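K.L.:
Here are the chains, one letter per residue:
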Amino acid sequence: MSETLLALEHVNRTFTVKGQTIKAVDDINLNIQAGEVLCLVGESGCGKTTTGKMIAGLLPTSYGSILYRGKDIATLTNKDRKEYRLGVQMVHQDPYASLNPIQTIYQTLAAPLQHHRFTRGEADTKRRVCDLLQIVDLTPPDDFLDKYPHQLSGGQRQRVSVARALTVHPKFIVADEAVSMVDVSIRISLLKMFTRLKDEMGVGVLLITHDLALAKYFAWDGRIGVMYLGRIVEIGQAREVVDHPQHPYTQVLLSAIPEADPDATRTKKRIELRSMDMPSLLQLPTGCTFHPRCPVFAGEVCERVVPPLKKGDWGSDVACHLVQSHES
Amino acid sequence: MSEPVLSVRDLSIVYKARRGQVQAVRNISFDVERGEAVALIGESGSGKTTVGLGLMHLLPGTAKVLGGNATYRRHSNGSAGPEIEVLSLKGDNLRQFRWHECAMVFQSALNALNPVLRVSEHFIDTAKAHGYLSGYRQTAALKQRSLQLLSMVRLDGERVWLSFPHELSGGMRQRVLIALALLLEPQLLILDEPTTALDILTQRNIMDVLKELRQRLGFAMLFISHDLALAAELADRVATVYAGRIIEIGDVRTIFRNPHHPYTIGLIKAVPTLRSERAALISVPGSPPDLIELPTGCKFHPRCPLSDERCRREDPELTELESGHKVACWHWPEAREVLKVYQA
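Listed in order, the protein sequences are those of chains V and C.
Going by our numbering, the residue at position 226 of the first sequence is 226; the numbering climbs one at a time, nothing skipped.
Going by our numbering, the residue at position 283 of the second sequence is 283; the numbering climbs one at a time, nothing skipped.
Extracted from the complex, chain C is given alone in its bound form (with noise of 0.2 Å):
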């Protein structure tokens, strides 16, 4: 049975630039189901972030979200809560959405942390600011759930429950981010780019951790994410954005094992693993679009080994290939075929 936390419809966001619109998002359409994890992958400029911020109405004042909506609903005690439309949130109303239903994690640790706050004033004030544990009387209870927080991402609380961000590690500074963000039990966590920058046993524990507290707290993830390792690590449902849309969206085995988008083939067969041959190894050519002056048609074709005049002149559509496995591509069923797949 399908319990969404999220349902994001036909949500469109353009920013303004000297030389034009440039969209950044055009008509993406997705769910994140109750307790699951969703992964957005793309390159940079493929509006992947674009998405999280407009989710957290943090978009600069250059964006504009054309349309679409967002439906957010929380679940408790096996009930559904009332629904939100999370775009038109105002005032109140949005400041309890964030954080208390829905909280982000930023990509750069060091710059999300206030450098002249300590760790203990960034839960103390995030508490204060949506009116958690925030009374005189409480300061004792609020402390003791962030050192268990802390201690929950594996960090040892005392030690930097009075530290400031410059005497933390990049991957200390990430673990505290997650568990401010877990403060007011949020049932939606937006990741975007957790583990970019930071060395690969840092990355491990980052990914170690969230996978533990997903399990014990139950809440769901959105990941935003040009690493498609750690897709393959921490989603069960990937969906691949190219160019301000999603181009194909599955099941994180669908997607890896399965792919029928030409660019989702490309992107896989772009990125070595430990075990893959060095001939089976290809970039995907030509570079991302300009997204001022899109391509007529389909987005990737210039780029696509496929394209023909079809392509050219219309976008297709996501269509459902099987229960849940959408791809946007007119060549699909012979996709595979064509750019010679390896079947695993």
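Pulled out of the complex, with its shape left as it was, chain V reads as follows (with noise of 0.2 Å):
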């Protein structure tokens, strides 16, 4: 059952502000299983939206490519084009900007269906989108239909956005942050609507998210990816990632990390790096881009070397001298 959906293969993303090249996503290497759960974790300017949109074909890659189900999404034809564009869908970080204003829930999820002919007739469009209203727990059905996205909460909204992303039967969906801007009481429902669709729809997901805990509560048994300017630096099984983290710059994110448990979270042991600074994406550091700011630093292998993505005894793969060195 296990068939590679996606593959990223040296994906290499830049791109030219005034004139100076910036190195956004930097060979990446990644394959997704069909309906297989994967949550990109990592701070601002890590790159992780630029892969989503890449991996989503909003973005093309710099260099390297991305093949949909074993052909590269860039040289498709068009019938191939169509079903990856259908099978690819994505769901965007604010739901108040990501649905028109000016049409109603029924109209937003009635356009897909009808230019792509999966209804015929408006009762068939009707009856379907009642069902997509369904799905994502909009219920009744009939209350949203008439009612416009400024009438609805953050939640019924994004909501609104996965049934549409639905309405065309996709194989994958990419969630930028779809969670962040919900109210925290309603997050859980949110994901659990995800999962839902997973398992009962084979759908797979990629959630792009900075929040571990979220992470590794949404992913459970899929996968997580942490990167760090541009570069994935450890990836494997959730739970094995966020409880036994390999990578440091891993360790000291989880270490960083405050909890809701007044306990737990003072009493948290805690990881110091060598240097608060985020380093300039116009000048990024030779060899292992962490270096500069990592607790272990272990001098000039890590200054003169990229640490390539390797699997280990460890299970994640980790892309650091120091663990690989442990470990052989």
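Worth flagging that the hints you see were computed from the coordinates, not collected in a lab.
One thing to keep in mind: the hints can contain errors.
[As the list claims (entries may be wrong)] Quick list of in silico lysine to aspartate or glutamate cross-link-like pairs, DMTMM-like style, CA-CA up to 20 Å:
#1 K211/C x E272/V
#2 K269/V x E303/V
#3 K71/V x D94/V
#4 K71/V x E3/V
#5 K268/V x E121/C
#6 K269/V x D208/C
#7 K211/C x E36/C
#8 K126/V x D142/V
#9 K128/C x D156/C
#10 K268/V x E33/C
#11 K147/V x E185/C
#12 K269/V x D290/C
#13 K192/V x E277/C
#14 K71/V x E9/V
#15 K268/V x D208/C
#16 K18/V x E167/C
#17 K126/V x D94/V
#18 K268/V x D290/C
#19 K23/V x E3/V
#20 K147/V x E122/V
#21 K211/C x D263/V
#22 K211/C x E185/C
#23 K268/V x E185/C
Given the structure is predicted, the values throughout are model-derived calculations rather than measurements.
Two independent chains are provided; combine them into the complex using the hints.
P.N.:
Spelled out as structure tokens, the structure:
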């Protein structure tokens, strides 16, 4: 059953800002299986959103290729391109900006159904729209059909965004910080909805987030990838990555996170960084880009050589000279 | 012995809107003791920011303070100063209260700093406006004091002194704001979402800075946040705000370990921690109430699994369960049992 749906091969993305080149994503290799749940976590500017956009086909790669069912998405035939475009959908961060304010929920959801001829006739479209609203827990659907986005709460709007993505029967959804603008009390129910889509319809999800606790909760049996300055520094089974982090950056992140538990959060062992300053993307450090801040910096090898992302006995794939030398 | 710096009693604030009155704050009462950190936690639209703005006289024109009072008292060298009625301050007295006694750090650090002024000018303008070290001869003393504050928030003072806000990162701007707020040694600091929209490592840095400064300078803090983790980390006492009212207040450990209001219980169960078991997490059903047409009785009853006829009819008052722990719920004795709270 495990079929590789998406494959990223040496994916790079650079941006030119005021004549200077910024490397946003640097040599990412990643296989995503059909129906897989994957979380990408990292701080702002680490390239997680750029990666998500490239996977969803909203941004071309600068170098390297992304394969959808084995075919490079940059050179697809028209028929295959349509299949890919429908197969991978994106749900954006801000549900206030991503829905058209002058279209009712029915219009928003009916447009893609009619355009792609998934439904025949008004009655059929309406039936399908109601089904979709039911799938995303907006019940009873009749109450929502004629509403405009401004009449809904943030959480309800985000559900409409998900329903819109589902209109075209996607195989995979890229959700970029899809719950971070939603009230804390209802985030979990949104994530549960994504989990249900996966279980019942086999829709894979890439959730991009900066919240490791949320990533662990959501991915659970899936994977978490930690990004730093455009590279994946650690990727592995979600609980493994959070409970037994190997890369020093992952360890620092986990030790820094404040938790909603007064005793745990105040007694947590902190790992101090060597430097608080995030390096500029314009002048990335040589070798391992984490070396100027790394608490276990081991000298020359870190400054000179880019550590490859390697699998070891510890389970996760880690890009760190030190972890790799300890294990071998 | 209780020595409150700030006592808020029955504060009510409404906003005028086309559909009617938005009841943003309804009869809120709480104290902030000397040197204490109190967190007001709640979701967006719960009225927590309005409390902060009301205390600083910064409400927009559509807002109206309907009633209540806030008493501030300065404590210096062990003796309490005269009481100040914060809500009725005007003119010079208000100016004296702001920044000298109570300073506010705003949510969005980029918008709170003037984009065309250098960091230095922010310090100089603030000092001038409040008559602090503002004489011609005191420029050097002011700069020295400012640089000292900037280094306390772990910034390289000399480097940021002549910077414009856009040249600084979000975390640096937030720290500039904190340093600026402390310029006149206020006794109370109101922080509105001080770490929202910052990265994890930057958040950690701001929290550490605040902890350290509080220990060193001994000011009291009132946090306004939706972030339970921030409250767990920094607060001594926590108050949960729902639909403009405090529905539970208590010591930080009591609130997190032994909450009794179904909403507080729900909020805590809805936020994943690194250790939480997947099955233990559930959302609070429904969505926050319409503040113009509030539900009858207990405002939480439409979302509450325990609600009954009485909840629909009567709004419960805050009642004290044990020293310092107060809950506004008719069903608090059985709430924990029914909602199956995992005893920690």
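K.L.:
Hint by hint, say whether it matches the structure.
P.N.:
Taking the hints in turn, this is what the structure says about them:
{"no.": "1", "hint": "K211/C x E272/V", "result": "holds (16 Å)"}
{"no.": "2", "hint": "K269/V x E303/V", "result": "violated (27 Å)"}
{"no.": "3", "hint": "K71/V x D94/V", "result": "violated (31 Å)"}
{"no.": "4", "hint": "K71/V x E3/V", "result": "holds (13 Å)"}
{"no.": "5", "hint": "K268/V x E121/C", "result": "violated (39 Å)"}
{"no.": "6", "hint": "K269/V x D208/C", "result": "holds (14 Å)"}
{"no.": "7", "hint": "K211/C x E36/C", "result": "holds (11 Å)"}
{"no.": "8", "hint": "K126/V x D142/V", "result": "holds (10 Å)"}
{"no.": "9", "hint": "K128/C x D156/C", "result": "violated (23 Å)"}
{"no.": "10", "hint": "K268/V x E33/C", "result": "violated (27 Å)"}
{"no.": "11", "hint": "K147/V x E185/C", "result": "violated (51 Å)"}
{"no.": "12", "hint": "K269/V x D290/C", "result": "violated (43 Å)"}
{"no.": "13", "hint": "K192/V x E277/C", "result": "holds (14 Å)"}
{"no.": "14", "hint": "K71/V x E9/V", "result": "holds (12 Å)"}
{"no.": "15", "hint": "K268/V x D208/C", "result": "holds (13 Å)"}
{"no.": "16", "hint": "K18/V x E167/C", "result": "holds (16 Å)"}
{"no.": "17", "hint": "K126/V x D94/V", "result": "violated (26 Å)"}
{"no.": "18", "hint": "K268/V x D290/C", "result": "violated (40 Å)"}
{"no.": "19", "hint": "K23/V x E3/V", "result": "violated (31 Å)"}
{"no.": "20", "hint": "K147/V x E122/V", "result": "holds (18 Å)"}
{"no.": "21", "hint": "K211/C x D263/V", "result": "holds (16 Å)"}
{"no.": "22", "hint": "K211/C x E185/C", "result": "holds (16 Å)"}
{"no.": "23", "hint": "K268/V x E185/C", "result": "violated (31 Å)"}
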